[in-house]
Structure formats: C-alpha cells, structure tokens
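K.L.:
Spelled out, the chains give:
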Amino acid sequence: MSITEILFWVLSVLALVSAIMVVASKNPVHSILFLIVVFFTISGHYILLNAQFLAIVNIIVYAGAIMVLFLFVVMLMNLNAESEPKKNRLLQFAGLISGGCLFLVLISAIAKSTTANNVMQLGSGNSGLIKNLGMVLFNDYVIPFEISSVLFLSAMIGAVVIGKKEKAAQDGN
Amino acid sequence: MEIKWYIGLAVALFCTGIVGVLTRRNSIIIFMCIELMLNSVNLLLVAFSKMHAASPIAQSMPNVVSDAQIFVFFIMVVAAAEVSVGLAIIVMMYRNIHSVDINFLNRLKN
Numbered sequence: 001m002s003i004t005e006i007l008f009w010v011l012s013v014l015a016l017v018s019a020i021m022v023v024a025s026k027n028p029v030h031s032i033l034f035l036i037v038v039f040f041t042i043s044g045h046y047i048l049l050n051a052q053f054l055a056i057v058n059i060i061v062y063a064g065a066i067m068v069l070f071l072f073v074v075m076l077m078n079l080n081a082e083s084e085p086k087k088n089r090l091l092q093f094a095g096l097i098s099g100g101c102l103f104l105v106l107i108s109a110i111a112k113s114t115t116a117n118n119v120m121q122l123g124s125g126n127s128g129l130i131k132n133l134g135m136v137l138f139n140d141y142v143i144p145f146e147i148s149s150v151l152f153l154s155a156m157i158g159a160v161v162i163g164k165k166e167k168a169a170q171d172g173n
Numbered sequence: 001m002e003i004k005w006y007i008g009l010a011v012a013l014f015c016t017g018i019v020g021v022l023t024r025r026n027s028i029i030i031f032m033c034i035e036l037m038l039n040s041v042n043l044l045l046v047a048f049s050k051m052h053a054a055s056p057i058a059q060s061m062p063n064v065v066s067d068a069q070i071f072v073f074f075i076m077v078v079a080a081a082e083v084s085v086g087l088a089i090i091v092m093m094y095r096n097i098h099s100v101d102i103n104f105l106n107r108l109k110n
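For the record, the sequence lines run as chains A and B.
Just so you know, the working numbering puts 119 at position 119 of the first sequence, and the rest follows in order with no gaps.
Just so you know, the working numbering puts 54 at position 54 of the second sequence, and the rest follows in order with no gaps.
Worth flagging that the hints you see were computed from the coordinates, not collected in a lab.
One thing to keep in mind: the hints can contain errors.
Here are the simulated SDA-like pairs of lysine to any residue, each with C-alpha atoms no more than 20 Å apart in a straight line [to be verified]: (1) K112/A to A12/B; (2) K164/A to L90/A; (3) K26/A to L22/B; (4) K26/A to L91/A; (5) K26/A to K112/A; (6) K131/A to I56/A; (7) K4/B to K164/A; (8) K131/A to P144/A; (9) K4/B to M76/B; (10) K131/A to Y141/A; (11) K112/A to C101/A; (12) K26/A to I34/B; (13) K4/B to W9/A; (14) K165/A to V91/B; (15) K26/A to I56/A; (16) K4/B to K165/A; (17) K4/B to M1/A; (18) K4/B to T115/A; (19) K4/B to L91/A; (20) K4/B to I3/A; (21) K131/A to D67/B; (22) K165/A to L76/A; (23) K4/B to V105/A; (24) K165/A to M77/A; (25) K4/B to N118/A; (26) K4/B to I34/B; (27) K26/A to S99/B.
Here chain B stands alone, though its shape is the one from the complex:
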C-alpha cells in the first residue's frame, strides 16, 4: 500500500481538529480537538517509519524505524502531562467564572 493514503487520512483528521478548534466555543471540546490533531500527527509519524522500513535506508540504518516509534512514545508522554495541566486550568477557570465558554476568556486578569 502506498504512503499517500495514510497521508490523506492524517491530513483529514488534522483538518477536522482545526475546524473544531476554530468553530467550537466550549474549551473542553477545543482541548479534545487538539488531542485529535496530536494523534493524527502520531499516526503519520508511524506511517512514515514503516515507509522507511521498506526503503533502502533501513539497510544502512537499522534503528530508523524504532527511533521514529520511540519519538511517538515521547509525544504521548508529553501529551499526557499536558492534558493533566490543561484540565486543571479549565477546572480553575470554571470555578472562577462558572462557564467553559472561551468568549469570557478575553482577559487574562479576572
């Protein structure tokens, strides 16, 4: 199978996430769309690693596939840490203004 189908799928998922970030006003949904974009990029990285596994580069650099997948693993690690802090910020914001609407967040103070 060619790489282009995986690129198309990842681009479609990424653009769905972008549309969600631009159109929704609920900050939790916006955060979920960012997670969707992160996951589409992870899928693309794994797909490219398997593309290089089938190419002559893999003979000269045997670790090239494992390196890409370790990179995806570290992206997941950072995403987990980011989600915990981001949700804590959303909960704090909800406690202060009793809403998750980002239209009320146009000021940093109060």
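The shape of chain A in the complex, shown without the other chains:
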C-alpha cells in the first residue's frame, strides 16, 4: 500500500465519521465544527488529486467564509441542545431507511459498470495548478466569470433586502 492510498483511507474515514457527526450531534455549534472538519478533509482529497487551486479555494471559501457565516448566525440566535425542535421517531427512521436505500442502489449500480475500474492519475499532472486554471479561466471562461460578479452583487442586495427589519421595509413602501 503506497502512501497515497494510506492518506486516501485516513482522509475518507475522517470525512465519513465527521459527516455522520454533523447529522448526529445535538448541538448546532458542534455540527458546524464537524462540517469544517469535513471541508478540510475534502481539501486534503483535492491535494491528493493534485488540484491545489481547488484545495485552497475550498479552504478559503467554505471553511473560511461560509462556515464563519453559519457560526455567526447560530450564535446570534443563541441555539443550543435544549432548543432543539421535537422530532418524530418514525419519520427519523423512515429518513434513515430511505437514505440507506439510495446508498445501496447507487453503489450496486456503480459496482456493475466497467468505468468504475478506470485508473486515476494521482499526484501528477499539472492541469489543476493555479497557472493552468488561470489561463483557462481568463481565456475561455472570462464571460461566465464576469457574469458571476453580477450574481454576487444580486445575492448581496437580496441578502440585505431580506435581512432588513420589517418596519423599515414598510416605511420604505
């Protein structure tokens, strides 16, 4: 077993355990911290696949920005394990069973395919490096890149409009 495979298995087990803890833990703050662990392990997978640019963007955007936003919202709302909504045991069981069924169907469908045995290129190849991705992004995909800035502007305006106090909105109308 090579070092790459050992790293793959360690990162996969860590990602799966943390993902299950995200769903299972009662305290929302613990869920968020476990989700940050999942994002770091997925970044580790990107590094294993030699996609350094995506690894860095994943850490900066997801673990750095999005999860801090989640943490702020949870702390503003002062949620804890006691304020956890009441849940229906039967519905929980049904959800678990249907998720497990989907898992089994997908895995058994993939196990039959011949594509599943294709070998991947691990730890080599330079198409995932920042230089190559930057050339592609600013040559072939420059228009979608600029349009995404408009998307961000509209998302920002939308978040401000939605988050405004109700009274201020009524005064504005």
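Dock chain B against chain A, hints included.
P.N.:
What follows is chain B alone, placed relative to chain A:
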C-alpha cells in the same frame, strides 16, 4: 488507484447529507447538509476529471481536466451566493416566528 473508491466516498457523503435533510428538523442543520451534498458532488467531479486525465481522451482534448475544475470553481461561486441568501432567509424566519424548526414553516403566509 481506481475511480470506484472515490465514487463510493462521494456517494456515502451524499447519502449522509440526504439522511440529515430527511431526519433533522433544525433548518440550519438542513442547510449544512445541503452544503455537504454540494461538496461531495464537487469531489466527484474532480475525481472524474483526474480519471479522464489518465485516459486517451486527454491527448485529443488537452483542456478536459481544466474545464472540469473550472466547473467546480463556478459551483463554489454559486454556493457562496446561495448561502448568503439562504442564511438571510433563515434569520428573517427566526425573527418572525422565533424558531428555526421547519415544522412551523408549513405555511408560506405568516
């Protein structure tokens, strides 16, 4: 290493997200599970791009790996915009009904 291990990991993460969406009642946790599903799909896209890098397709189409990773980059861009709007909606909902329980959200009005 074969692609099937990465497919298995991504499917397991995705199904964990689905179970979370179906079983939890807290809307913030449901939103986090959706983020988990998005990330598993991103991981699968990158894994498939590296599978094509090792196949003969890469010789005839040199940009095939970079295109897939740019696609993942744009998914992250859209996810960031989506999270900001979604959290604003959750905060507004909390301000109106003082709860994040989705059982109280069965009506759109009031």
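K.L.:
In ascending order, which of the hints set out earlier in this document are inconsistent with the structure?
P.N.:
Violated hints: 2, 5, 7, 9, 15, 16, 19 and 26; rest satisfied.
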